[in-house]
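Hey, can you work out the whole structure from these sequences and the hints?
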Amino acid sequence: MEEDIKNNKQEEEKSEEKNGNELELCMKKCDEYLDGWKRAKADFLNYKKEEGERISELIKFGNESIMSDLITVLDSFNLGISLSNDETAKKGMMLIKVQMEDILKRYGLEKISVEHGGSFDPKMQEAVDEIVSEYPEGSVAEEIEKGYVLNGKVIRPIKVKLSKGNGG
Amino acid sequence: MAKILGIDLGTTNSAMAIMEGGEPRVLENQEGNRTTPSIVAFSKSGERLAGLLAKRQAVVNPKNTIFSVKRLIGRKFSDPEVQRDKQWLPYDLKESSQGGVEIKMGEKWYTAEEISAMILQKLKLDAEAKLGEKIDEAVITVPAYFDDSQRQATKTAGEIAGFKVRRIINEPTAAALAYGLNRKKNEQIVVYDFGGGTFDISILEVGDDTVEVKATGGDTHLGGDDFDKRIIEYLVQEYKKQDGIDISKDSLALQRLREAAERAKHELSTALETEINLPYITSDASGPKHFVIKLTRAKLEDLVSDFITRSIDLVREAVTNLSPKGAGMKLEDIDEVVLVGGQTRMPAIQEAVKKLFGKEAHKGINPDEVVAIGAGIQAGVLQGDVKDILLLDVTPLTLSIETLGGVATPMIQKNTTVPTSKSQVFSTAADSQTSVEIHIGQGERPMMADNKTLGRFILDGIPPSPRGIPQIEVTFDIDANGILNVSAKDKASGKTQSVRIEASTSLSKDEVEKLKKEAEMYAADDQKKKEMIEVKNQAESAVYLAEKSLRDAGDKIPADIKTGVEQKIARLKEVKEGTDVQVIQTATQELSQELQKVGQFMYNNTNQPSQEGGEKNPEGGEEQHDTGSDSNSTSS
Chain S
3 MEEDIKNNKQ EEEKSEEKNG NELELCMKKC DEYLDGWKRA KADFLNYKKE
53 EGERISELIK FGNESIMSDL ITVLDSFNLG ISLSNDETAK KGMMLIKVQM
103 EDILKRYGLE KISVEHGGSF DPKMQEAVDE IVSEYPEGSV AEEIEKGYVL
153 NGKVIRPIKV KLSKGNGG
Chain L
160 MAKILGIDLG TTNSAMAIME GGEPRVLENQ EGNRTTPSIV AFSKSGERLA
210 GLLAKRQAVV NPKNTIFSVK RLIGRKFSDP EVQRDKQWLP YDLKESSQGG
260 VEIKMGEKWY TAEEISAMIL QKLKLDAEAK LGEKIDEAVI TVPAYFDDSQ
310 RQATKTAGEI AGFKVRRIIN EPTAAALAYG LNRKKNEQIV VYDFGGGTFD
360 ISILEVGDDT VEVKATGGDT HLGGDDFDKR IIEYLVQEYK KQDGIDISKD
410 SLALQRLREA AERAKHELST ALETEINLPY ITSDASGPKH FVIKLTRAKL
460 EDLVSDFITR SIDLVREAVT NLSPKGAGMK LEDIDEVVLV GGQTRMPAIQ
510 EAVKKLFGKE AHKGINPDEV VAIGAGIQAG VLQGDVKDIL LLDVTPLTLS
560 IETLGGVATP MIQKNTTVPT SKSQVFSTAA DSQTSVEIHI GQGERPMMAD
610 NKTLGRFILD GIPPSPRGIP QIEVTFDIDA NGILNVSAKD KASGKTQSVR
660 IEASTSLSKD EVEKLKKEAE MYAADDQKKK EMIEVKNQAE SAVYLAEKSL
710 RDAGDKIPAD IKTGVEQKIA RLKEVKEGTD VQVIQTATQE LSQELQKVGQ
760 FMYNNTNQPS QEGGEKNPEG GEEQHDTGSD SNSTSS
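Protein sequences, first through last, are from chains S and L. Position 36, counted from 1, in the first sequence is what the working numbering calls 38; the numbers after and before it change by one each time, with no gaps. Position 287, counted from 1, in the second sequence is what the working numbering calls 446; the numbers after and before it change by one each time, with no gaps.
Bear in mind the hints are in silico, worked out from the structure with no lab data behind them. Hints may contain errors.
Said to hold, decoys possible - To give an idea of the interface, some chain L residues facing chain S are shown, with a C-beta separation under 7 Å as derived from the structure:
#1 Leu212
#2 Pro221
#3 Ile435
#4 Ala444
#5 Pro447
#6 Val451
These figures come from a predicted structure and were not determined experimentally. Virtual Cβ for every residue (Gly too), placed ideally from N, Cα, C.
Right under this line is the structure:
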């Protein structure tokens, strides 16, 4: 009889211990799952935010490649205007160029301006050569190809020749 | 957890990627580009520049613009490679006190590690700016042929840049990782990497969780830039033939030619012919000159064929030569081929590789980014993202509910990640309808009869009211185990009925494929059938509305208007049982027009504005459908 009671007690203790272990395991799993869930939720919210940013970037720069291609047409107009001897044709070309520039401007394209003798800025400019000039050494001596910014991003830097000084 | 950055530190360009939401993502640099030139410079104004900005002043500052430092890192000054490169690199090199290489930039001498660190530091800062968080750890890739000293030096460069370098991995291994080839067992993989300035071949063997480099080969001085040079040379020659003018000395003309050549090369990867059109390329005494020339893919391939042949010969050598010069294998032993580097977009290269191995190469991932992506994946494994990834299932087929006319109205579209839940409000199709049958189906066909029925149940006890008035909210909910719960609730009475379907995602692959194929096959027919039903439904609604309007108006409208509407109703009732969509549509339209006369008359003849006009859309914009397979209607 006494032994039975003892056995029962032992079993009860064992069962309690088992329950305790199970509870602990469950609590651990619960924490793990809660953490996973919070993480997933946070990941999703962050993803949504970033996706939103990405979409707005896409809208802003979605037409970057077509803009880059159209810029070469502007180059040809500029060259045509500077090299043509026919004043009427020149004027016509000028008007078409301005018309096109206006349209591109509406879509966020801006021409990069440059100052002869100004200091070289690799953020906006690309140096392609060095020449003897009246300007201080290392400064911009000549613009050889126009540069453009699309919604704040340089899609083509302005190509310049830098001054070597006056050679004297 | 802080992110680990995966970096492809290239000879010409570098790129970086991170793991985000279980997917690798290439990060853009501050200038908004996905690759960064591996160049640093000490500008004439005394500024230290890295990346694109350093490249933009390289021409006028060659002595202080350091590029291709990867060719020098971790090598002894006396190394024949260094001695060879020293001949053509425009900047100054000297032997360091430990026998390594030192590079002069500005007034100071730097080790190759320090220069590489400047590139890595730019990538670090740009990544931090992009992600808005600090990044302290990195995985950096190196060519498979790098020895211990080159690997150690690369690691040191990372540490100088402020990274804890978690791992240095081989570039070809990273590329294989990006294509998931590391999961294959006992496979032999060739990675053909044609970069801007170097051409690398690696033969890898994937074992159990290991990737072993069996052999490497290539040419460290052959790259995509050589292709560009060839095209430019050709164009200069052609122009000389055409107009007798040498434009190679005109920096503006050359600049435009360079851009046009690069564009043409890219275009010829997809088109068979392109036109180089450079108006006003130059001018002489006779006036302005233009340059227009057609360049075909065949001509381009002809111009660079020796480069391609050479690369293929090198691959053959690396695979078949006996160790240590090669892997000592047969070409047919190779199981997978991976293409890396922008130049591998060229169809002739893809063709040549395919011909050599007799199999298609892996090329789905952007070849400029594949190594960075692999590095990002490795970083993800280290930060625990990849290992513990929670695999979420998707619904393989669309789950729909049957609506008026037997149409399958989608509730959850195929490929939606589960768990998910969608609700939509439906209504009744007939007056005083007190019950609706919710018929749940699975499949891509627009008619429910063609899809697989998953279950059906009846929601009854709906208070009798005219058609379209009751609001029955149907909710589809799939849990993570693919168990679908569908419930329907009558908003007015609050009565709810639901069903649980266990096997909504557990279709066999064959079954899914079969259903998808069927959907494609019958797409056109199904569309017509659906259109027909929609037109008939519209006709029925129009008849219902017209009859109701006449009833409501009673004797308030003149007999001629009433007769006109009645005639149109009769006409529509007659044609709507037919099969001519056009005729039914016309009759429906005619009835609607006739019906407007009723409304107009009522407005003109009442002092107070009538409330009846608002009936058409009683739900305030909420989308409503009539549930079709109800117990009162005759629809199938």
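* Contradicted hints - numbers only -> Violated: hints 2, 3, 4, 6.
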